[in-house]
Amino acid sequence: MSKDQWTITRFQVKPEEIVLNRTKLLPPYKVIVHNDDYNEMNYVIFALVHAVNTLTIPEAEHIMLTAHLNGQAIVVICPREVAEYYQERLLSYQLTATIEPE
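For the sequence shown, position 49 matches number 49 in full-length UniProt numbering, and the numbering has no gaps at all.
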């Protein structure tokens, strides 16, 4: 093994270590939407898709139905700052949303 290959191998980080370190630095939080009796189902789907731009319409529909049937549903799991952002966005659409550590 040449000196350059040894240096590259020595400082190479495994993907599992990156995920573990990231989780320690940015612990995951759940964004939870709660069922309510005020908003129509189509509006909730609309709000979910617009508040969390990574959601597809079928995913938003599944989240809405889960919240409707179970009282609440997890929208997304992400670092705390991002979770707070998504919570504020959902609240701006008059949905009830909370965050909690995973």
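Incorrect hints may appear among the rest.
What the hints assert, rightly or not - Label-pair restraints from in silico Cβ distances:
{"#": "1", "residue 1": "K14", "residue 2": "H68", "range": "40 to 50 Å"}
{"#": "2", "residue 1": "E102", "residue 2": "H68", "range": "20 to 30 Å"}
{"#": "3", "residue 1": "L65", "residue 2": "K14", "range": "35 to 45 Å"}
Everything labelled a hint here was simulated from the structure, so no lab data went into it. Glycine is no exception: its CB is placed at the ideal position from the N, C-alpha and C atoms.
Hints, one by one, checked against the model:
no.: 1; hint: K14 <-> H68: 40 to 50 Å; result: 42 Å, holds
no.: 2; hint: E102 <-> H68: 20 to 30 Å; result: 23 Å, holds
no.: 3; hint: L65 <-> K14: 35 to 45 Å; result: 39 Å, holds
In terms of the numbered hints stated before, the structure departs from none.
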